[in-house]
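Here is what each chain is made of, one letter per residue.
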Amino acid sequence: MTLQDQIKQLIIDALDLEDVTIADIDTEAALFGDGLGLDSIDALELGLAIKKQFDVKIEANSDATKAHFYSVATLAAFIESQRGQG
Amino acid sequence: MKSLLKEWLGKGPAPAQLISFNHHDILTGALFTTQVHHLWQRLNDTPAKRWLLSSESSDLFAIGLCAGLLAGKELVLPPNTQSGTLQGLAAHIDGVLSDVELPLTGTENADKPWIMLKKELSQPKAPWPDVSASGSLTLYTSGSSGDAKPVHKTLSQLDAEVSTLEATFAAALPHCSVLATVSHQHIYGLLFKILWPLAASRPFLSEQIEYPETLSYYTALLPNLCLISSPAQLSRLPDALENERQLHSPSLVFSSGGPLSEEAAHGIQKVYGSLPIEVYGSTETGGIGWRRQASASEPWQAFPGIEIASAGDGALLLRSPYLEQPDKQMRCEDKIAIDDNGRFVLQGRLDRIVKIEEKRLSLVQMEALLERHPLVSRAALVLLTEPRTQLGAVVELSAEGKAWLATNGKLALNNQLKAHLLSEFERVTLPRRWRYPDELPLNQQGKRVHQTLIELFTHD
Numbered sequence: 001m002t003l004q005d006q007i008k009q010l011i012i013d014a015l016d017l018e019d020v021t022i023a024d025i026d027t028e029a030a031l032f033g034d035g036l037g038l039d040s041i042d043a044l045e046l047g048l049a050i051k052k053q054f055d056v057k058i059e060a061n062s063d064a065t066k067a068h069f070y071s072v073a074t075l076a077a078f079i080e081s082q083r084g085q086g
Numbered sequence: 001m002k003s004l005l006k007e008w009l010g011k012g013p014a015p016a017q018l019i020s021f022n023h024h025d026i027l028t029g030a031l032f033t034t035q036v037h038h039l040w041q042r043l044n045d046t047p048a049k050r051w052l053l054s055s056e057s058s059d060l061f062a063i064g065l066c067a068g069l070l071a072g073k074e075l076v077l078p079p080n081t082q083s084g085t086l087q088g089l090a091a092h093i094d095g096v097l098s099d100v101e102l103p104l105t106g107t108e109n110a111d112k113p114w115i116m117l118k119k120e121l122s123q124p125k126a127p128w129p130d131v132s133a134s135g136s137l138t139l140y141t142s143g144s145s146g147d148a149k150p151v152h153k154t155l156s157q158l159d160a161e162v163s164t165l166e167a168t169f170a171a172a173l174p175h176c177s178v179l180a181t182v183s184h185q186h187i188y189g190l191l192f193k194i195l196w197p198l199a200a201s202r203p204f205l206s207e208q209i210e211y212p213e214t215l216s217y218y219t220a221l222l223p224n225l226c227l228i229s230s231p232a233q234l235s236r237l238p239d240a241l242e243n244e245r246q247l248h249s250p251s252l253v254f255s256s257g258g259p260l261s262e263e264a265a266h267g268i269q270k271v272y273g274s275l276p277i278e279v280y281g282s283t284e285t286g287g288i289g290w291r292r293q294a295s296a297s298e299p300w301q302a303f304p305g306i307e308i309a310s311a312g313d314g315a316l317l318l319r320s321p322y323l324e325q326p327d328k329q330m331r332c333e334d335k336i337a338i339d340d341n342g343r344f345v346l347q348g349r350l351d352r353i354v355k356i357e358e359k360r361l362s363l364v365q366m367e368a369l370l371e372r373h374p375l376v377s378r379a380a381l382v383l384l385t386e387p388r389t390q391l392g393a394v395v396e397l398s399a400e401g402k403a404w405l406a407t408n409g410k411l412a413l414n415n416q417l418k419a420h421l422l423s424e425f426e427r428v429t430l431p432r433r434w435r436y437p438d439e440l441p442l443n444q445q446g447k448r449v450h451q452t453l454i455e456l457f458t459h460d
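Residue numbers (the UniProt record's numbering), protein chains in the order written: chain A, 1 to 86; chain B, 1 to 460.
Just chain B, same shape as in the assembly (with noise of 0.2 Å):
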């Protein structure tokens, strides 16, 4: 297979190539060449090698990452951008590249260089740089032991990505602009909306989706069109395009992060008029495989050149040409069970990593943060499903924290406890249920009683 990426890396894009577009403006290969060679000056003229790269602006997110790359830095993709986390990845990186302040302070971070990413059109034109791109990844993603937990990604583990979704793809793509509801600070949105398209000469839009009425302008402003998102947007979408056949629709709607339901397919396919690609990965995988949701227990089938196998309690077993060892089987959390034609379907995870709306994290790491609190005894999280997938948090208070509760009222100690979570994690992983019992339910094993805990919320 043809090396997509490394190939456009290494002669980088044509000067009429045109990189991202927004509703009032683009730019083209040329412009982006010359911003990422006076990039690559400034990288090169300093020995910080690990730089936290951060942009809401697509453009400016794939200069930094060229430039990086191009230099031989390591470049570190921070899972959120709280201060918590931020504080935690201090120590791992030696440089900042972003277009905005972020709350990194403290000594430790003062000597640090920055770079702040912007748009400049005043600089001398400038080539491509003359250089095998010798740079690499790394991203961050919650582990079963509920540290964050870091993924290394070296050039050739993204070419074989990028090359394997251009081969099984590019025909459903004729000319397509590429639009995302996710963002590319994560995998998923790094391959399928900067990574594949630059290297596939696919123009992106600069910006991120967030409202449907956002999406229906550019659908009917574009031809063809590929859709990136996720269940998040894709299950809301339907009612919101009052479930109508669209005149104008994407070309290819791909669909990643976490689990689409079947309702949620089938609403898309009606309003676009076909099924949505289901991906499914994960940060330390990369891309495992894909299908289209005929009904909820269509399989799904493993791209080329994977292998997949099931260990005794279930576990897939993962040989694949996107990891650090290609030849080296590795063993993921997800329960699988496959088929007589090698397909297979997806059956929970085996440890206590959720997601909610597609934000992985630790069941753990949450536990363990609440408990840190003064007024916090002992907590335990459970996840709900109903309205919508979501964590129910039920905390056993330390004598302070039971005349917190009576002194200021429930809603205050539950915002009070949200606060506190929110310096690790992302507000809409946060629960939205909050039960404060005498005692944590414990069995004789002194385990929590996960029947137990979910009943506390089943009233209602």
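Next comes chain A alone, as it looks inside the complex (with noise of 0.2 Å):
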């Protein structure tokens, strides 16, 4: 499976999404507001299962965050480049 869809299935999985299969995530759309539609309690839910999942560190700057975590395609550029650092 490609990281994207480890990502969707990990949201799905995570924040126990009903009716949504990998295929209804856009890679490039908004996960919290309009787009998938997730929510601020699922950002703290999906924060912690990526940091479990992909051992990557999470800024303490909630702007920095915010950009990490605002589409699928995102997050998997931000967990690319913390596993170039290792």
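Because the hints were derived from the structure by calculation, they are not lab data.
The reader is advised that the hints may include incorrect statements.
To be verified - Cross-link-like lysine-lysine pairs, in silico, DSSO-like; alpha carbons within 27 Å at most:
no.	chain 1	residue 1	chain 2	residue 2
1	B	K149	A	K57
2	B	K410	B	K149
3	B	K118	B	K11
4	B	K335	A	K66
5	B	K335	A	K51
6	B	K149	A	K66
7	B	K335	B	K355
8	B	K270	A	K52
9	B	K11	A	K66
With the hints as a guide, dock the two chains, each given alone in a separate frame, to form the complex.
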């Protein structure tokens, strides 16, 4: 599975999204608000799940975090960039 | 007891009082005073009486709040800034104080004065207005009938509450700065993050903390902290901190807005070294009692000056100096049981008001809004507790709705109905589970059968 699909599956599983499949999640679309429609609690839970599964560090700067968590594509790039440093 | 808030509003902050801070800036009492003065002047110059006040920045919010109270205005705090909610409030406001454009359009709003809240550094220095503050606040909360219900708060009510908080907890808060993961637009954040810190000279963080990483940054940086939080954050925080005892911990952690699980309370004790202080209250009542949850059965202690009793059906009967009529007993729809020592346990709601992640909402209101959608014939909502507290929607579709579902599929229909609900409800409260049975289950009396509805969600 590609990293992007792994992230999509994690989003579905960790947030227990009903009726949503990998194919329903647009890689480039916003995860929060309009787009996939995730909420502020999903943001907390997704942050925790991403940290656990991909062993990444999340910054204290919430603007940077919001940019990383904007879409599946930005999340994949964020995870890749930390792997590059490791 | 000293009138802490009234006295502070009478003379303003000392020039050196630190009002607020963030990671790159501070707001001193001197600068705060100047900004309050200029805004107070502008408000004085307009006859508009009722002002909607909304800002994500706690420092700008505090400036608007103080200037409005000093100018004798009625400040209206909306329950959220969804477009439908604001339109519903339009008839109750004469002007808007905000730091962003709000979705408040329409001809009836075109003539209303708007004052943009922003940080002004170039204004000439000015003193604290030499007036006696006579303004008041109006908050909106969900009522049992499904309509948003206004709750008025006079300065005396707020003052009584702030003074009690200081008398009860100040000893545990030496030289503390205040951080919050909750919004100051609601009564809990308003009292604990803005009014109490201002009156007691404790600086607050001008932003709202959203992520555990941001919280850890400030706990590492500042030696003495008071954390104003809620179960949504606190129940997830121990995991985010890997359940390890932190080197730096807040002096006190407050939790309010909804029930905190025993597991979360103990999780916080593990990472921060002490149990959080839970505060029980509501927008209408203000604070009622508090506890530290050593075990789930730990009873609540009423705040000093508050008298509680229970009605025949278990409903809480309250007499409180925080109420508009302090001598009159008020019935609340929370069921309680009082023990021999006068302490009490909570036993759930007697009406159809629920809390989703501390956001209070009326199931009656949400069902009514769903039933106004052309694809919907009838709708019923139930509260589900697994895997997290959330709403399940059971919807009987109209003929048009059934055709729509067949063409577009279930996910698209879920999203269509969620978008409709967003006009009045915040995203975090929307139903996460949807069922579309041919007919809504009813019993012989025509009532919706709660257990049958719940079972529609338990197969998975």
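Status of each hint after checking the structure:
| no. | hint | in the structure |
| --- | --- | --- |
| 1 | B:K149 with A:K57 | violated (44 Å) |
| 2 | B:K410 with B:K149 | violated (34 Å) |
| 3 | B:K118 with B:K11 | holds (23 Å) |
| 4 | B:K335 with A:K66 | violated (41 Å) |
| 5 | B:K335 with A:K51 | violated (41 Å) |
| 6 | B:K149 with A:K66 | violated (34 Å) |
| 7 | B:K335 with B:K355 | holds (15 Å) |
| 8 | B:K270 with A:K52 | holds (20 Å) |
| 9 | B:K11 with A:K66 | violated (41 Å) |
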